[in-house]
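Chemist: The lines below spell out each chain.
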Amino acid sequence: DAGITQSPRHKVTETGTPVTLRCHQTENHRYMYWYRQDPGHGLRLIHYSYGVKDTDKGEVSDGYSVSRSKTEDFLLTLESATSSQTSVYFCAISDRQGTEAFFGQGTRLTVV
Amino acid sequence: QKEVEQDPGPLSVPEGAIVSLNCTYSNSAFQYFMWYRQYSRKGPELLMYTYSSGNKEDGRFTAQVDKSSKYISLFIRDSQPSDSATYLCATYSGGYNKLIFGAGTRLAVHP
Chain A
16 DAGITQSPRH
26 KVTETGTPVT
36 LRCHQTENHR
46 YMYWYRQDPG
56 HGLRLIHYSY
66 GVKDTDKGEV
76 SDGYSVSRSK
86 TEDFLLTLES
96 ATSSQTSVYF
106 CAISDRQGTE
116 AFFGQGTRLT
126 VV
Chain B
3 QKEVEQDPGP
13 LSVPEGAIVS
23 LNCTYSNSAF
33 QYFMWYRQYS
43 RKGPELLMYT
53 YSSGNKEDGR
63 FTAQVDKSSK
73 YISLFIRDSQ
83 PSDSATYLCA
93 TYSGGYNKLI
103 FGAGTRLAVH
113 P
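Chains as they are written, first to last, in our numbering: chain A, 16 to 127; chain B, 3 to 113.
Since the hints were made in silico from the structure, they are not lab data.
Derived CB-CB ranges, DEER-like:
(1) E94(A) - E7(B): 31 to 39 Å
(2) S80(A) - R62(B): 38 to 46 Å
(3) G11(B) - R123(A): 18 to 26 Å
(4) E74(A) - Y41(B): 23 to 31 Å
(5) E29(A) - D80(B): 43 to 51 Å
(6) G18(B) - E94(A): 50 to 58 Å
(7) Y53(B) - S98(A): 40 to 48 Å
(8) D80(B) - T92(A): 45 to 53 Å
Below 35 Å or equal to it, Euclidean Cα-Cα: the simulated DSBU-like pairs (lysine-lysine) are:
(9) K85(A) - K100(B)
(10) K85(A) - K68(A)
(11) K26(A) - K100(B)
(12) K26(A) - K85(A)
(13) K68(A) - K100(B)
(14) K68(A) - K44(B)
(15) K44(B) - K72(A)
(16) K85(A) - K4(B)
(17) K4(B) - K58(B)
(18) K26(A) - K44(B)
(19) K69(B) - K58(B)
(20) K100(B) - K69(B)
(21) K72(A) - K72(B)
(22) K4(B) - K26(A)
(23) K68(A) - K4(B)
(24) K26(A) - K72(A)
(25) K4(B) - K72(A)
(26) K100(B) - K4(B)
(27) K100(B) - K72(A)
(28) K72(B) - K44(B)
(29) K44(B) - K85(A)
(30) K72(B) - K100(B)
(31) K69(B) - K72(A)
(32) K72(A) - K58(B)
Chain A stretches covered by chain B per the calculated footprint, using a threshold of three residues with CB under 8 Å from any CB of chain B:
(33) 48-60
(34) 100-109
Heads up, the beta-carbon is just placed ideally off N, CA and C, and yes, glycines get one too.
Excised from the complex, chain A in its bound form:
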């Protein structure tokens, strides 16, 4: 696997609580992405980053925020978790525009 670590791997949280997921890479890649995967929807882009402190929204960004204060870490925060955010979250990285992207193993989040 490319050097991508997602943490935690599993989390159960209560509605209304804040949650932060972490993606850590050791490849020094510029681009990092957060996706959610739900049955029937494939992988949907939440936010992505094209450099330190440079981020932009994807197609399903409502209710999520991100931060990237250093190259190796990309954090995804659910400010106030809702049951609709129960999903599997994947992080991906790529070196340059248009190049191969590699995925982490995912975080399974359940909001009860």
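Once you have looked at the hints, place chain B on chain A.
Modeler: Only chain B this time, still in chain A's reference frame:
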């Protein structure tokens, strides 16, 4: 209209069959295309990466891009039960910054 469309299947084939998986995309400016394989409860794994038009072969896998019809394909020859997985197509949108995916096709290869 979604930027990348993919039939979710499921697709069931006998071992040894040739499998054809397909996606269509909306924007003729898309240049970079990828196919991923995802086993249950695992992260997507990159199978093939292609740029622009033409074919690319790697073992039993062939990726094909037809830019005139905005159609991408993945062919699997001599399919094996271990090929049973979900296959996702992907491309870059938004000035090649945003990596976007089709819905994924679930493939089952039975002995």
